[in-house]
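Quick mapping for you: the protein sequence lines, in order, are chains A and B. Heads up: the first sequence runs through residues 1 to 274, numbered per the working numbering. Heads up: the second sequence runs through residues 1 to 261, numbered per the working numbering.
Worth flagging that the hints you see were computed from the coordinates, not collected in a lab. We put the beta carbon where it would ideally sit given N, CA and C, even for glycine. Among the hints, erroneous ones may be present.
Computed far set for chain A versus chain B, every beta-carbon distance over 10 angstroms [as the list claims (entries may be wrong)]: (1) Arg99; (2) Gly237; (3) Arg260.
Cβ-to-Cβ under 7 angstroms is the rule here; a few derived chain B residues that face chain A [stated by the list, open to error]: (4) His42; (5) Gln157; (6) Trp192.
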Amino acid sequence: MKERAYAFGEGGGLFGILTEPEEASQRPFVILLNAGLVHRVGPFRVSVDLARRLAALGFSTLRMDLSGLGDSTPRPGEPDLHRRVVADLRDAMDFLAQRRGARRFVVGGICAGAINAHRAAVADPRVAGLIMLDGYAYPTPQFLLRRYAPRLANPAAALRFVGRQLSNLVAPQPAATPSEDDEILSQDFPPKDRIAAELRQFVERNLALLFIYSGNWYLYFNYREQIRDNFPDVPFGDRLTVEHFPEADHTYTLLEDRERLFAAVLGWMREKFG
Amino acid sequence: MEATQFGEPPLFGLYHPATGDRPRGRGVLICPPIAHEHIRAHRALRFLSVQLAREGFDVLRFDYFGVGDSAGDSEEAQVAHWQADVGAAAKELRALAGIESLAVLGVRFGATLAATATGLPAVEHLVLWDPVLDGQQYLLRMEEMHRAMLVDSRSFQHPRQERPGPGLLGFPFGPSLRAGISACDLRGLHRWPSGRVTVVKGGDASKVEPFVKELRQRGISATLRQASTAVDWEDRDAVGRSLTAGDVQGAILASLLEGRS
Numbered sequence: 001m002k003e004r005a006y007a008f009g010e011g012g013g014l015f016g017i018l019t020e021p022e023e024a025s026q027r028p029f030v031i032l033l034n035a036g037l038v039h040r041v042g043p044f045r046v047s048v049d050l051a052r053r054l055a056a057l058g059f060s061t062l063r064m065d066l067s068g069l070g071d072s073t074p075r076p077g078e079p080d081l082h083r084r085v086v087a088d089l090r091d092a093m094d095f096l097a098q099r100r101g102a103r104r105f106v107v108g109g110i111c112a113g114a115i116n117a118h119r120a121a122v123a124d125p126r127v128a129g130l131i132m133l134d135g136y137a138y139p140t141p142q143f144l145l146r147r148y149a150p151r152l153a154n155p156a157a158a159l160r161f162v163g164r165q166l167s168n169l170v171a172p173q174p175a176a177t178p179s180e181d182d183e184i185l186s187q188d189f190p191p192k193d194r195i196a197a198e199l200r201q202f203v204e205r206n207l208a209l210l211f212i213y214s215g216n217w218y219l220y221f222n223y224r225e226q227i228r229d230n231f232p233d234v235p236f237g238d239r240l241t242v243e244h245f246p247e248a249d250h251t252y253t254l255l256e257d258r259e260r261l262f263a264a265v266l267g268w269m270r271e272k273f274g
Numbered sequence: 001m002e003a004t005q006f007g008e009p010p011l012f013g014l015y016h017p018a019t020g021d022r023p024r025g026r027g028v029l030i031c032p033p034i035a036h037e038h039i040r041a042h043r044a045l046r047f048l049s050v051q052l053a054r055e056g057f058d059v060l061r062f063d064y065f066g067v068g069d070s071a072g073d074s075e076e077a078q079v080a081h082w083q084a085d086v087g088a089a090a091k092e093l094r095a096l097a098g099i100e101s102l103a104v105l106g107v108r109f110g111a112t113l114a115a116t117a118t119g120l121p122a123v124e125h126l127v128l129w130d131p132v133l134d135g136q137q138y139l140l141r142m143e144e145m146h147r148a149m150l151v152d153s154r155s156f157q158h159p160r161q162e163r164p165g166p167g168l169l170g171f172p173f174g175p176s177l178r179a180g181i182s183a184c185d186l187r188g189l190h191r192w193p194s195g196r197v198t199v200v201k202g203g204d205a206s207k208v209e210p211f212v213k214e215l216r217q218r219g220i221s222a223t224l225r226q227a228s229t230a231v232d233w234e235d236r237d238a239v240g241r242s243l244t245a246g247d248v249q250g251a252i253l254a255s256l257l258e259g260r261s
């Protein structure tokens, strides 16, 4: 395994570490994005560990800092966050194409990083796969049933819940501190119709999709079939793989949870691109 | 800023050569914290490095073996290895900048490592930001925070019964690493790498005052510099949060500039 730091993009303002297997291969290159403000090593060094394990399977991985994060400088002249992310990833793919002849890419991230990976896939046909950890999910009848059935089975809790809803109807209260229920409705995911159209585009392009959800995302996701139920008109076939780790937290803090996460990602990479 | 890799297995570093009009011919080696604190401090130490370079210092920040971007798995990390890494990084900075004069800034357990480093060339000034004085207490506090996290519904949907293992707040701390950390106690350290030590403490400084006094009694030129920004190092809720140095950054800069042209 070889690891080296690179500055790339306009003026060399973007920064990343490329982890490569000893022998070059034709497999797609993996690009791992920042989780929130955490620099390219990832929460608890998860991106470093994943990149090295991917190298052992023959995959090269770029752990990059998006502009303004980690050791990358802000991108001048582009105030729009979404366009900036797309431009950063285009620069990363151009760099790997020029330096290593890379033609196809798998882009992955956690939370905002997952949404950023999705945006890059929409904008760039070179993206062949997506790894989205705690990305978007939308309520379905089964989701709501699973979420609220335990309360309804408890008469006291059910009464409190109904009472709260009725009092809100009579005299809606300003949500100074939003409840969990409010958060379900207010999470700032992209509009579902737009995501549906983009997922259809992904299917037409034959992208491989790995969606992984932790227990921390229970306000948005609580059963494995939820994404297929969210988008019944998208003919995913076997292009979509969904994993659910309800016991894990958002950043896989526990070592045993992280091992399960790695096994899922590495197994999927081997199956789809090995 | 230039990336550098040095030693075998290679350590990763970022070198910020002096950018100001008046290069001082003086280096500052930054020894970061470890584990979750290492990730929390990255942004603040980057800003600090850029500012120090603007002030004419040649700056190297680096990752210890098994930490950050450096070689090695987190499981392989050892205190003795880290102490030697500080010495290797100091030599790398002197070679990169072509300088002899060196100050070392250590943060949290990085301060402990800087003070106990091996193979360190002469250090003119040692600056310790919120140093971990007692390794054993440091581990005990992390264990408390870890136990609290396992039953915190904001982290886990249901309280976790973790299999016995080395994990502490997301990083493996095996028996040998724990023993190495526990053995570190700056209050009992007799050989210091520099005759000049500044302790920079954010918030309440009462816990480090006796330590600074003790250093003075041993003939070390020790200074306590207080800042108002108290970093929430021991707050469980802040484990995954990037920290803000606030006026600590200015206090560190002032310490390094003090008495120098």
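Hint by hint, here is what the structure shows:
no. : hint   : in the structure
1   : Arg99  : holds (15 angstroms)
2   : Gly237 : holds (31 angstroms)
3   : Arg260 : holds (12 angstroms)
4   : His42  : holds (5 angstroms)
5   : Gln157 : holds (4 angstroms)
6   : Trp192 : violated (31 angstroms)
Hint 6 from the earlier list is the only one contradicted by this structure; the remaining hints agree with it.
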